[in-house]
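All chains should be modelled from the sequences, with the hints used to inform the complete structure.
In case you want the letters, here they are:
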Amino acid sequence: MQFKDYYNVLGVPRDADQDAVKRAYRRLARKFHPDVSKEPEAKQRFQEVGEAYEVLKDPQKRAAYDRFGENWKAGQDFQPPPDWEREFDFGGGGFTGTSGFSDFFEALFGRHQAGGHQRRGARFRMRGNDHRVRIQVNLEDAYRGAQRTINLEAPEVDKDGAVRTRTKTLNVKVPKGVVDGQRIRLAGQGAAGAGGGEPGDLYLEIGFAPHPRFRADKRDIYLDLPVTPWEAALGETIKVPTLGGSVELKIPKNSQSGHKLRLKGRGLPGNPPGDQFVVLRIVVPRADSAEAQALYRKMAEKMPMEPRSERKV
Amino acid sequence: MRNDPKLIAGVVLSEEIRLSLREVCYTCDVSAELIMDMVTEGVIEPQGTEPCEWYFNGAALTRIQTALSLQHDLRVNLPGAALAIDLIEELEEWRRRCRRLGGP
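Chains as they are written, first to last, in numbering that gives the first Met the number 0: chain A, 0 to 312; chain B, 0 to 103.
One or more hints might be untrue.
Here are the simulated BS3-like cross-link-like pairs (lysine-lysine), alpha carbons at most 27 angstroms apart as the crow flies [as the list claims (entries may be wrong)]: (1) A/56 x A/21; (2) A/217 x A/37; (3) A/252 x A/263; (4) B/5 x A/167; (5) A/175 x B/5; (6) B/5 x A/172; (7) A/249 x A/217; (8) A/217 x A/252; (9) B/5 x A/158.
Pair by pair, the computed Cβ-Cβ distance ranges are [stated by the list, open to error]: (10) B/36 x A/67: 28 to 36 angstroms; (11) B/48 x A/61: 50 to 58 angstroms; (12) B/15 x A/160: 39 to 47 angstroms; (13) A/206 x B/100: 17 to 25 angstroms.
Bear in mind the hints are in silico, worked out from the structure with no lab data behind them. Nothing here was measured: the structure is a model prediction, and the numbers come from that model. Idealized CB from N, CA, C, for every residue including glycine.
Here it is in C-alpha cells:
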C-alpha cells in the first residue's frame, strides 16, 4: 500500500491552520468537481482531495496522521504500525465525504460501510448510491449503436458483514443516436442498498472520441471537404463520406471556401435526425512550374478581382 | 468475479423523454418539496402548469442531479446551483462550437 501525502494533495504546509485547510479543500473541490471540470482525471482528483480533507479537517485524525512525520513520501510503500487501531479508535463510519477512499485511508481509519452514507449498525432501509461512469464512444458507434463492456469496482458486504471490493462486469447497450454529454440510466445497477433497500442506479455519461474526419455538434455532423478552385468555380458532383457511407454531393457553381452545404438527415439518427454539413475548403494549386505561373498570370489578367474590397482590409 | 453476459439496455436521458414529478422524485430519491424548490429557484423548468401535470425531460433530470451533487459536495445553495449549471451549460455550448470549427 502506498503512503499518501495529504498535505501535498491539498497543497498546504504541514503547519497550516484549520481555516487554511478548509479554504484549500473548497478551492480544489470546486476545481475538480466532476460536474464542473472536464479534465479526464477530475473524478479521481476530487476523491483524493475529499479523502485528504476527511483526515486533515478532523483534529483527532490529523494528529494521528501527523505522527508519521515528514519522513514519508507519497507513493512510498507503507504498512500501519501494529497497535494503530487500538491507540486511535476510528472504527466505523460517520464519514461525511464521498465514498471510494484509498486502501491507505482505510488501513488507518477504517472502512466506509456499503451504501454510502449509512452508519455502522444502521437498521433502517436505505437506497444504495447512484454511480456515474464516463464512457467514450466513437461516432460510428453512436450512428449504428453498440455494445460496451464496463468493469466497475463495487463494494459488497459478505455474509460476515465485512466489506470487500468486487469487480462487477456489465455488458451494456449503447443505443444508436446518443449524443455527446448525454446520460444513460441503468436502473438498479448502482451501489447495493442497506437493510433491504433498493440498489442505486448507474449513469453512463457519453463522451465522443475525437474522429479523424468528422466533428459532431449534438446530432449534426461536420466535415471539411477540400476542393480544387475549378471544382468550386465550375460546380461538380463529388463523392463525400458520411457516417452511413459515401453519398454524391453537388457542389454549386461559384462556391467559396467556408461555404456550408447541408446533407439533410445524414447526421446522427434521432427524431428528427441530425444533418451533415460539408464545409468547403478550396485548396490552391502551387505555382511551381513556369507553366503554372503563366496560367496564374493569365487568370490575373483575364479575371481581375478585388477580394479585399468589401472587407476594406 | 463472474462475468455477466446479459446485455443491459438503459434509458437515454434525452430531450424527448417525459418524466412526471413522481417519477423524478423516485429516480433522484428526493422529496417533491425539493423539486418544487428547484422549480421556484430556476434550476429546472417543467412543462405543464400544476405540479400534478408537470413533466420533465432528460436534460432536466441531469440538471436536478447536478444541483444535488453541487449541493452535497460543494455546499452550493439552490440559486447558486441554478447559476452554476447555467454557466456550465453555456461553457459546454462554447466548447461544442469550438469543436465544430475544428478546435480542440
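Hints, one by one, checked against the model:
1. A/56 x A/21: This hinted pair holds, its Cα atoms lying about 7 angstroms apart.
2. A/217 x A/37: holds, 17 angstroms
3. A/252 x A/263: OK: residue 252 of chain A and residue 263 of chain A at ~20 angstroms, within 27 angstroms.
4. B/5 x A/167: holds, 13 angstroms
5. A/175 x B/5: holds, 19 angstroms
6. B/5 x A/172: holds, 10 angstroms
7. A/249 x A/217: Holds: residue 249 of chain A and residue 217 of chain A sit about 25 angstroms apart, inside 27 angstroms.
8. A/217 x A/252: Between residue 217 of chain A and residue 252 of chain A the Cα gap is close to 30 angstroms, so the pair fails against 27 angstroms, i.e. violated.
9. B/5 x A/158: holds, 26 angstroms
10. B/36 x A/67: 28 to 36 angstroms: Violated: the Cβ-Cβ distance is about 45 angstroms, outside 28 to 36 angstroms.
11. B/48 x A/61: 50 to 58 angstroms: holds, 53 angstroms
12. B/15 x A/160: 39 to 47 angstroms: holds, 45 angstroms
13. A/206 x B/100: 17 to 25 angstroms: For residue 206 of chain A and residue 100 of chain B the Cβ distance comes to about 19 angstroms; the hint holds.
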